[in-house]
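Protein chains: 2
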Amino acid sequence: MSEKRKIYKPKAISGFPEWLPEWRAVEQRWLDHIRATFESYGFCSIETPSVEEIDVLLAKGEVDKEIYVLERLHKEDDDSKDARLALHFDQTVPLARYVAQHFNDLTFPFKRYQMQRVWRGERPQMGRMREFTQCDIDVINVDHLPIHFDAEIPAMIYDTLDGLDIGRIQHRISNRKILIGMLNALGVSNDKDIVSITRTIDKIEKEKQTELITTLISILKSALDINADEAHKQAEFILEFAKIKAIPKDFSGLLRDFIARNDVIARSVSDAAIQTINEGIEELSFVLDYLSYLPDHAVAGDLSIVRGLDYYTGTVYETQLLDVPEFTGSVCSGGRYDDLAGSFINKHLPGVGISIGFSRLFDVLKQTGHLKPAAKGPADILMALPSEEKRSEAAATARTLRERGFKVEMYHAPQKIGKQLSYAEKKGIPFVWFPPFEDGKAHEIKDMNEGTQEQADPADWSKP
Amino acid sequence: MSEKRKIYKPKAISGFPEWLPEWRAVEQRWLDHIRATFESYGFCSIETPSVEEIDVLLAKGEVDKEIYVLERLHKEDDDSKDARLALHFDQTVPLARYVAQHFNDLTFPFKRYQMQRVWRGERPQMGRMREFTQCDIDVINVDHLPIHFDAEIPAMIYDTLDGLDIGRIQHRISNRKILIGMLNALGVSNDKDIVSITRTIDKIEKEKQTELITTLISILKSALDINADEAHKQAEFILEFAKIKAIPKDFSGLLRDFIARNDVIARSVSDAAIQTINEGIEELSFVLDYLSYLPDHAVAGDLSIVRGLDYYTGTVYETQLLDVPEFTGSVCSGGRYDDLAGSFINKHLPGVGISIGFSRLFDVLKQTGHLKPAAKGPADILMALPSEEKRSEAAATARTLRERGFKVEMYHAPQKIGKQLSYAEKKGIPFVWFPPFEDGKAHEIKDMNEGTQEQADPADWSKP
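If you read the protein sequences in the order shown, they are chains F and Z. Under our numbering, the first residue of the first sequence is numbered 2, with each subsequent residue one higher. Under our numbering, the first residue of the second sequence is numbered 2, with each subsequent residue one higher.
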């Protein structure tokens, strides 16, 4: 370069990860495995645009996610006439919009998976990801969605995560009807109070018991107009209740026992509340029974799982990695919801779904040394180039091997063989193929790991 | 739903395509095939963030693409301290930034493919896509990039497009050194004049000959300070030259003959100009020879291919579909460039690459009836559910078949068999599996296309 140019030295943008090829290959292998598992259950793929109209994103009201709005760099005055567009912050709002928009063209129950990037306009200094991939599965039906799907979703996720070789996983499963019925039984029936109590329970592993009790007392006092003593007793009961965990087989009985022997709610319970609790217990039992073929560690009933969102109405899931202590919190989570797309269509569309936070999972496992990088390129074989005269024969041999299923990289110039071998080594290509150096001689193949070399005929080779 | 809610009826956003599941499956099959072909040549995958800093996107100066800038919906005052981010409008600037940023961690020649969405902030009423997928391959090397890669790239693209079953394709290939040397020989040496002439030639199939001649005369008159007669003669010569096409085998000889018998440049040609022309002819001959194993229709030397950008310095490609008249223009294009990342790193990084405009290709072929949709779901087998009691046996059979390679969707409720069969039919699932309706009876499988049904043992079945 004769000319001296101004150089803008690029650096990583905080919150927008990118990988070197040897890690990208591992990421792609993971994504392929996840996709294959989702499809092995008959779920179809959809992708939606990266953007939605802001009115769509905010159709349910203000959202607590930070949203990135798009603006054209060279705005024109009449741009303001067009709908404002923003990057989607999850795949649930786009799914709702998609199902409403294409309602007449879909087959229900609609079982779809979706693996796309989503964006959150977090401040960069927070160290959170601002662009990441989520892998979602949901089943949507019209009017009524059988409980079967609540059980099938964690079964799918077990197969999905089990195949990633990241140690044991555990689904912690509850059903919000049990908690809601219980709160109704206590006399709490206002949605706002129920949400406040659920959000408090959601912090059960993060905050101190005494702080949780204090919060609950304050909610209960104002919700039920009771004195501090009674509120304290009920708050303790709620927390004790939320700590119920058991291995699947005993869970339903254990829960019924607990309810029977607690006098806090024994007094004046409405039939509706009892029915809600029973429905919740039945649904949860169905799900836990269905999953009983899995190893013992894989599934736990756990009433502390409530999910913060008021969106969920029944089964709720969180999934943890048991052998990766560096990964805190839930690797995927979700649950049953009563109404997917009420903002967009006049249909009752219940659903159940779960979302794997793919990028954080991959990033944490990579950073903590749980993953090994792949080779720097995908080739199985490097086709050596003995001389310029042999180029077309080498290229033809490479084509034959490709037709037989191998990934074959061609060396580009007739350089010294030592240089070609060291290129294969550097890129981690396991075999080097030598076309005949002279007419009439045989092809040879070198195994780079074993160091052995033998005669070979491209017509005899095919990938297992 | 008891409550009457306000419904926001969603509609498609112009320029942001999305597909129904049966088309998304075809799109995914295409993308898988493209990826597999790229990898079969040993190219590695990279993905970059969807955004770059605006300073990176504009490092080479203003771009003629419309750029989408991101703004947080709830801006804060100190947002302005952060670098402004914008969605990438192609994959070349991100590649340049990536190679510069990770220079020390990459193996050269760096052969990468990249298949991502890109965004252009076009006005919606223009009917252009504002979000679309590009499939790019590039090879980058330090200081010197062997001509081998200029030939390998169209070979890869041939395999890629040939496998999509979209009829015959044709690579039209030229080398800009031939045109530049020729213009130098005519006395045109100013970069700006060369670019103007190249852009005029680039319109050879869109504009009338007389208009092109007029434009060329005006450029030549001012570039060379010659009279209208002379300029006219040269303009005609340039156009005649640019119209040279031939089947690969004759091309080089034909071109040399043409140069020899034209007196317009015979007078006072510099050695440097001749050398540039010869280099171009040699490089083009190498590429055409390398591709001579392809069918005759697949490759054409064609001097009218110049690419509008001044970015390209040698080989240039455009690829056309010969059997899809509805698809106008080039399905992919690219070429050799001298300096990928001079704006970001003080290294000389020549490269060669090509980009498939995936979304437009898919969209046009879909719209014009050249493609058939896939089934509405990926399942090979629907597992029927004879009764609630048989659910766990049905689920276990589904698991066995999945382990044996099948995609198995489970029917969710013990409804009438007729209903279950019609679900399979509606979703296009080719087989329905019946677990034993009573203990001791055999499994059966129904072929939905043939209408036949026979006894089956899950342990005997595995996917071919």
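By construction, these hints were calculated from the structure, which means they are not laboratory data. Remember, predicted model here, so these are calculated numbers, not experimental data. A few of these clues could be false.
No distinction is drawn between identical chains; accordingly, a pair holds when it is met within one copy or between any pair of copies.
[Claimed, not checked] Using 20 angstroms as the maximum straight-line C-alpha spacing, the simulated SDA-like pairs for lysine to any residue come out as follows:
| # | residue 1 | residue 2 |
| --- | --- | --- |
| 1 | Lys-66 | Thr-49 |
| 2 | Lys-377 | Glu-19 |
| 3 | Lys-76 | Ile-55 |
| 4 | Lys-408 | Asp-33 |
| 5 | Lys-10 | His-371 |
| 6 | Lys-82 | Arg-262 |
| 7 | Lys-82 | Val-70 |
Failing hints, ascending?
5 and 6
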